[in-house]
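Q: As a plain string of letters, each chain reads:
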Amino acid sequence: MARCGCAEVDAPGAEGCACALQAGANVTVTGTGQGASPWIVSSSTSTPQIRAALSGVNGVAYDPVTGIISARLSTDAGNALVLGGDTGLFVPPVVTGSPLGMIVFDTAVGGNWNKADNPTAKWLRVRVIGGGGGGAGALSAAAQALMRGGGAGGNYSESWLEVSTLPASVAITVGTGGAAGNAANGAGGLGGFSGFGTIVTALGGNGAPNTAVTATSGVSPSGGPGGLGVGQIQSLGQIGDRGIWLSATIGLAGTGGIAGAGFGTGGRGGISGSPTNGQTASGPGAGGGGGSSFGAISAGGGAGAPGAVYIEMFS
Amino acid sequence: MARCGCAAVDGPGGTGCECAIQQGPGTSVTGTGQPLAPYTVSARLSTDAGNALRFGTDTGLYAGGPLGMIVYDTVGATTWTKAANPKASWLHIRVVGGGGGAASLGATTAGTGVARGGGAGGNYSESWIEVSTLAASTTVTVGAGGIGGAPAGTATAGGSGGTSSFGAVVTALGGGGSPATTVAAAPPVISAGGTLAAAGVGQLRLRGAAGGQGIYVVAGARMGGAGGDSGGGMGAVVPSNLASGGSAVGRAYGGGASGPTGEGVTTGALGAAGGDGVVVVEMFG
Numbered sequence: 001m002a003r004c005g006c007a008e009v010d011a012p013g014a015e016g017c018a019c020a021l022q023a024g025a026n027v028t029v030t031g032t033g034q035g036a037s038p039w040i041v042s043s044s045t046s047t048p049q050i051r052a053a054l055s056g057v058n059g060v061a062y063d064p065v066t067g068i069i070s071a072r073l074s075t076d077a078g079n080a081l082v083l084g085g086d087t088g089l090f091v092p093p094v095v096t097g098s099p100l101g102m103i104v105f106d107t108a109v110g111g112n113w114n115k116a117d118n119p120t121a122k123w124l125r126v127r128v129i130g131g132g133g134g135g136a137g138a139l140s141a142a143a144q145a146l147m148r149g150g151g152a153g154g155n156y157s158e159s160w161l162e163v164s165t166l167p168a169s170v171a172i173t174v175g176t177g178g179a180a181g182n183a184a185n186g187a188g189g190l191g192g193f194s195g196f197g198t199i200v201t202a203l204g205g206n207g208a209p210n211t212a213v214t215a216t217s218g219v220s221p222s223g224g225p226g227g228l229g230v231g232q233i234q235s236l237g238q239i240g241d242r243g244i245w246l247s248a249t250i251g252l253a254g255t256g257g258i259a260g261a262g263f264g265t266g267g268r269g270g271i272s273g274s275p276t277n278g279q280t281a282s283g284p285g286a287g288g289g290g291g292s293s294f295g296a297i298s299a300g301g302g303a304g305a306p307g308a309v310y311i312e313m314f315s
Numbered sequence: 001m002a003r004c005g006c007a008a009v010d011g012p013g014g015t016g017c018e019c020a021i022q023q024g025p026g027t028s029v030t031g032t033g034q035p036l037a038p039y040t041v042s043a044r045l046s047t048d049a050g051n052a053l054r055f056g057t058d059t060g061l062y063a064g065g066p067l068g069m070i071v072y073d074t075v076g077a078t079t080w081t082k083a084a085n086p087k088a089s090w091l092h093i094r095v096v097g098g099g100g101g102a103a104s105l106g107a108t109t110a111g112t113g114v115a116r117g118g119g120a121g122g123n124y125s126e127s128w129i130e131v132s133t134l135a136a137s138t139t140v141t142v143g144a145g146g147i148g149g150a151p152a153g154t155a156t157a158g159g160s161g162g163t164s165s166f167g168a169v170v171t172a173l174g175g176g177g178s179p180a181t182t183v184a185a186a187p188p189v190i191s192a193g194g195t196l197a198a199a200g201v202g203q204l205r206l207r208g209a210a211g212g213q214g215i216y217v218v219a220g221a222r223m224g225g226a227g228g229d230s231g232g233g234m235g236a237v238v239p240s241n242l243a244s245g246g247s248a249v250g251r252a253y254g255g256g257a258s259g260p261t262g263e264g265v266t267t268g269a270l271g272a273a274g275g276d277g278v279v280v281v282e283m284f285g
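Chains as they are written, first to last, in my numbering: chain L, 1 to 315; chain V, 1 to 285.
Be aware that a few hints might be false.
Here are the simulated lysine to aspartate or glutamate pairs, EDC-like style, with alpha carbons at most 20 Å apart [what the hints assert, rightly or not]:
hint : chain 1 : residue 1 : chain 2 : residue 2
1    : L       : Lys122    : V       : Glu130
2    : V       : Lys82     : V       : Asp48
3    : L       : Lys115    : L       : Glu312
4    : L       : Lys122    : L       : Glu312
5    : L       : Lys122    : V       : Asp48
6    : L       : Lys122    : L       : Glu162
Not the full set, but computed from the structure, chain V residues with beta-carbon under 8 Å of chain L [claimed, not checked]:
hint : residue
7    : Pro25
8    : Gly26
9    : Asn51
10   : Gly76
11   : Leu204
12   : Phe284
Hints in this document: simulated from the structure, not taken from any laboratory.
Glycine residues also receive a C-beta, built at the ideal position from the N, C-alpha and C atoms.
Construct all of the structure, not just a fragment, from the sequences and the given hints.
A: Listed below in structure tokens is the structure:
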């Protein structure tokens, strides 16, 4: 193709036809359009022109002298955003309270909570429930009845703990359920203490007493909750239901109390119809039911449920 | 345009001129400024472990935190999806099964009566779940309260409450309905409440309370069994009936129905339904 007068490659004496391409502002055109020398159109905007065209606004810092664009962190007090070790943007999770899951200790084996096993945990929400008390056992005389009370529920304690205030390892204790009262008029056993160390603690519920005596009608006492432990929030376990019998054949033994803050479910007391053992409580921390005895046939109490320790972790 | 020494495209023979723009802390600059490779400037997030900063769905900068709570309290199945909750990294899930229904009274003749027990409360399960362990979609099921016993004139047990669940990861069974096995008779008469269900799946599992026993003490003095509270105290206890023979519906979430009572009522009385369950999902970024 002829590109007259645009470059020396055109033969001398060629006619003065117009160039096909011309460079305008900020553009450079090289080449002749020949196969061996194609046109190349290049932007020729200068560095100062580019830099002058840029600006930094929200969250961006821009230096027109060097052309460096940076993130701009607010200097407002309390800003959690920082530059990480690799100069990227970084929000330390301690500020965000991101969840890290929950650890459950709900068998009487217990264990330990260790900082080394949970290196990103900064805060813990710890809930502790003591063991439930046992229900009492019953043995009535002939032609009489005896309906025992239920054991009390274990107490509940809850605290938020900053990990920096804790030792490297904290012993976890899960209280045992109170023993069932034996069928020979045995009292229910005391539920065990549960604790996150000694930092959050909850006492177990008392077992039902065996003080009521056989008769053709009557009322039996039940177990009450233990004293306060340690925690920001504390809720005592429920007292067990009393036993009551209206005749030598009709009555209700007491149901075990639920643990503090609504945990666990008390075992049912036996009811009339036939001598019935008190029911074992459902965990965590509820009391066992009382036994119901009619006509000299014995019935045992129900055992209390073990307590529990729940540890929710946050970064 | 020449961006000498800024990228490989400049190649050998660059004249040593300065780069037009450069990345500083917290930013990333790519491209050469050529039409085929324009400059792209982005915020650059640190890859240090534990960084809570990420890009939001609108590509803006986003720092994690609570994302609110979804309450599923309509009986039936629906889904929780990652796509609809893209920023969620942890879920705190609480599930309550339906409460048990109460038995119907059945016909009672003059001089006889019965006080039915209440339905048991639904169970409660609670877990913290890391979203990365879930499939893209999880079925959420809310269990219905157990049906009340019917017909009124024929003693019929109440139904069990339905199971509520967040997939198979967190599940809670419904409470049992109260039985209708106790036969109306001259007082005193005591009848049993519904029994609690087996524990489901979850880090923290609390069983609902058994329904209260019904007691017919003497002529004119009857007390139906109270409905059991659901696990974790999520359903209010329905009080037991005294004078009226009616059975009260279980309260949400997952409370059992209270039992009907009557003496010398030839038409009997219906049992009421238990309270529906619930699934509560709290989300954290």
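Q: Under the criterion that the straight-line Cα-Cα distance not exceed 20 Å, is the pair Lys115(L), Glu312(L) satisfied?
A: Distance of about 14 Å is within 20 Å: holds.
Q: Grab the minimum C-beta distance from Gly76(V) to chain L and call the hint holds if it beats 8 Å, violated otherwise.
A: Nearest chain L Cβ about 27 Å off; hint violated.
Q: Tell me if the straight-line CA distance from Lys122(L) to Glu162(L) falls inside 20 Å.
A: The given pair, whose Cα atoms are some 6 Å apart, holds under the 20 Å limit.
Q: Given Pro25(V) was flagged as interface, is its beta-carbon under 8 Å from a beta-carbon of chain L?
A: At 4 Å from the nearest chain L Cβ, Pro25(V) passes the 8 Å test, so the hint holds.
Q: Hint check: Lys122(L) vs Glu130(V), CA-CA at most 20 Å. Holds or violated?
A: holds (18 Å)
Q: Would the hint linking Lys122(L) and Asp48(V) be met if the CA-CA limit is 20 Å?
A: Holds. Lys122(L) to Asp48(V) sits at ~17 Å (cutoff 20 Å).
Q: With a cut-off of 20 Å on the C-alpha distance, tell me whether Lys122(L) and Glu312(L) pass.
A: holds (11 Å)
Q: When the nearest CB of chain L is found for Gly26(V), is that gap smaller than 8 Å?
A: holds (3 Å)
Q: Using 8 Å as the Cβ threshold, decide whether Phe284(V) counts as touching chain L.
A: Phe284(V) check passes; min Cβ-Cβ to chain L is 5 Å, inside 8 Å.
Q: Going straight from one Cα to the other, do Lys82(V) and Asp48(V) come out at no more than 20 Å?
A: violated (25 Å)
Q: Does the CB of Asn51(V) sit less than 8 Å away from some CB of chain L?
A: Cβ of Asn51(V) sits 5 Å from chain L, so the hint holds.
Q: With a cut-off of 8 Å, does the beta carbon of Leu204(V) approach a beta carbon of chain L closely enough for the hint to hold?
A: For Leu204(V), the interface hint holds, since the closest Cβ of chain L sits about 6 Å away, which is under 8 Å.
Consistency with the previously given hints fails for numbers 2 and 10, ordered from lowest to highest.
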